[in-house]
Amino acid sequence: MSIARKSTETARMRFARLLKTERLARGISQEALAELAGLHRTYVGSVERGERNIAVDNMEALANAMGLDVSDLLKAQ
1 MSIARKSTET ARMRFARLLK TERLARGISQ EALAELAGLH RTYVGSVERG ERNIAVDNME
61 ALANAMGLDV SDLLKAQ
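Under full-length UniProt numbering, the residue at position 46 of the sequence shown is numbered 46, and the numbers go up by one with no gaps.
Think of the hints as simulated: they come from the structure by calculation, not from any bench. Note that the Cβ used here is the ideal one computed from N, Cα and C, for glycine as well. Among these hints, one or two may not hold up.
Said to hold, decoys possible - Label-pair restraints from in silico Cβ distances: (1) G67 with E31: 12 to 20 Å; (2) S46 with L74: 12 to 20 Å; (3) T8 with E35: 28 to 36 Å.
Sequences and hints are given; from them, build the entire structure.
In structure tokens, the structure reads:
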């Protein structure tokens, strides 16, 4: 049994795209976001490029650092 997807974009790539979009909209650098979230700057960059399979705890830390809920960074658009 297979489940049809609305798009071919993976959840990881959607999170990466929305994370970068929201960060730029707020005028926050990767370094500043990393500091606010308690993560390393290079980690944030690799997440934004979709290179990392990010843990839920880190997703929450990044979302909270921008005043968002994790679900805001996973919404299909």
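A quick look at each hint next to the structure:
1. G67 with E31: 12 to 20 Å: With a Cβ separation near 18 Å, G67 and E31 satisfy 12 to 20 Å, so the hint holds.
2. S46 with L74: 12 to 20 Å: Cβ of S46 to Cβ of L74: about 18 Å, so the range 12 to 20 Å holds.
3. T8 with E35: 28 to 36 Å: holds, 34 Å
Checked against the numbered hints above, the structure breaks none of them.
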